[in-house]
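S.K.: Protein sequence lines correspond, in order, to chains A and B.
Residue numbering for the first sequence follows this note's numbering, starting at 1 and increasing by one per position.
Residue numbering for the second sequence follows this note's numbering, starting at 1001 and increasing by one per position.
No incorrect hints appear here.
With a cut-off of at most 27 Å between alpha-carbon atoms, the simulated DSSO-like pairs for lysine-lysine come out as follows:
#1 B:Lys1219 with A:Lys195
#2 A:Lys246 with B:Lys1040
#3 B:Lys1131 with A:Lys79
#4 A:Lys226 with A:Lys195
Just so you have them, the derived chain A footprint on chain B, three or more residues with Cβ under 8 Å:
#5 1037–1047
#6 1132–1146
#7 1209–1218
Since the hints were made in silico from the structure, they are not lab data.
For each residue, glycine too, the CB sits at the ideal point set by N, CA and C.
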Amino acid sequence: MNLTLKVWRQKHANDRGTIETYDAKSIPVEASFLEMLDIVNEQIVQGGGEPIHFDHDCREGICGMCSLTINGVPHSKEKGITTCQVHMRKFKDGDTIWIEPFRGKAFPVVRDLVVDRSAFDRIVSAGGYISVRTGSAEDANSLPIAKDRADSSFDAAACIGCGACVAACKNASAMLFVGAKAAHLNLLPQGQPEKDKRVLAMVRQMDSEGFGNCTNHYECEAVCPKQISADVISKLNRDYAVASTKEAFK
Amino acid sequence: MFFEDLDPISLQNRGVVLNESGMNLLCQALCRFWQSSIGKKLIVAVTGIVLVGFLIAHVSGNMLIFAGREAMNDYAYFLHHFLHGAGIWIFRVVLVVAFVLHIVATIALTKQNRSAKVESYQNEATNVASKSSRMMIWSGLTVLAFVVFHIFHFTVRVDPELAGMKEPSGRHDVWGMIILGFQKPLVVLFYFVGISLLCSHLSHGIASIFQTLGWRSRKSSEAINKLGLTLSVVVWLGFLSIPLAASVVGFGVDEIEMPVTDVADIADIAEDNR
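In isolation and in its complexed conformation, chain B is listed as follows:
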């Protein structure tokens, strides 16, 4: 009884404030979880859910581009101002944490996988594994490069021409910025490659979430595979419809209304961004 009273876990169970050794035990358990193969995979799957959820929300929101300038700019304004502007930062922190954990865990897993198969077959054969599933690390790293470019392109707006686009009311003209942003063929090409690889990544990734979290069975596997494939095709079509509409079809090109970008405007925007 005496020893049990001093046990940090039993103290913790009875609501007593954790002492140092109790915290240590919890940290040890978390470290063990991270160090284990399945632990890291579970982290990849859970962060994958966050990222897939974000992509679905992102592509749905983007469809407002086809509803016109007003709808898109209202939506962008809402995103930047809900919860008095704190909402977007909570959102960004969650996304960055999920993104970083997803990448760090998969790189660690890939390194272990490479070292576990030191010698490969002279006559290699593949039975059922899809191409997408076998290039996950490469599609993932290309998507990482694409995301960095995308953030500099439309979030940080390093191009002063895009950064200077504003409505008469002073709000950012997100709609005009997107249409103008996709007038460069090289940018459209990079978006095409990036989004296509993202969807290749999703076609295996979404189904893998179910398997890693233990929700897949022989009975449900076909439905899960179809769900993964359908979602990735929908995301692919949704995202690519915008650069293709703006560059190939010429959607909205007549209405871009080149903004007046004088030095003072750009300074204002820089101030806002800060």
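Next up, chain A with everything else stripped away, as it sits in the complex:
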């Protein structure tokens, strides 16, 4: 199949950047989206040009590294998948495809389609952990956890930290990510002792990184490759209200 690509090209972080047009010719219909970019890059390199830089790693939808906004939607309009799981059979011959980086002030472009998502790492470092001695896992039956609670925690823990939520949000808010990372621990008994401290620290780090505020558009939920529910945002709001009230009066 033959396609027209409109790709964001930016030489370095301080470059203005622009959309450039490429013809992607003779792309096999069974190729994945990233394989299509690999083929285009080969053609660019053969022509003496600079290949299109983009992030990728596992290419099986679990690492959270790939990060393209395809036709205005992070990870494309297909539900519940990452960019590496998008296949060319979902497009038609002759289509024009817009490929842009994940946008957000807290996700500065490094080059072309590669963005720096280390703000997420700093939020997790602020409180997305449990301070306990590690060692051999204790017997599962010694700490009973209700099934629905374990399920909710597991749903939140499915977050791969790809940043699609920020990229899709009109305000570049990281509430779905922070909500998932906080809920995953806050829902479990092991997370209880540090719950308030964790919520306050993670939200403050999120604010200081320059992410926007949630305006309840639920665009994040719609694009999340792990289909994490905006329930985690609701829970984060509630946990923050409780934690900050306790902090003020305790």
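Got chain A sorted already, so can you dock chain B onto it with the hints?
M.R.: Structure of chain B alone, referenced to chain A:
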């Protein structure tokens, strides 16, 4: 133990009068709350509840217009005189505080949101966000302009013709004032635009209150969205039924009984208002 005794928080916990550093700690906590993203959103949600509550009360009271002049004017008289006239002022102060906090917090949040998305997509796409949800700041600011107009129109009564309308007993003829107030097509048009945008604002705002306060879940989201939509449609129909009845249908037009507005009357009213 010694240090614990001197700790302002532990003093406060034991009922000792707050010293300066204790107050400072509380102020710091409040400042931190205000400065945080979720803190401001919680303020928007709580003040939103106050404002939605007011709107429901306001639209319910307004329906008395259809019960006739006597019922409406009795209601207006009650509002101005309950708790010996102090009630309405308590009510007004609470409303103004909620209104100002709601606006200041949302403007601050919007400014942060704009700066968080410096570069937008060349090929923009929206998946699920409704039009209403995406124009909240604009519908909100138009409602602000509308509220200012509405207060000058019916509360301050800058139009001497409306201000001069009184019953023979000397009470304000609120019923007549409303019917007469809606005889100007431009006024009705502005009310239509203002109320419609208010209800667009509510259709997203009411459901958002639940999400921001942490009361929404996947299970309840559909019911909450329906509640928000239903309430906003009811408020829209309720408020607009009055200008439309008075201007299009001609409700009450024959009974306006143009009041005798001489200079002395207007002076009296001005004195009352003062």
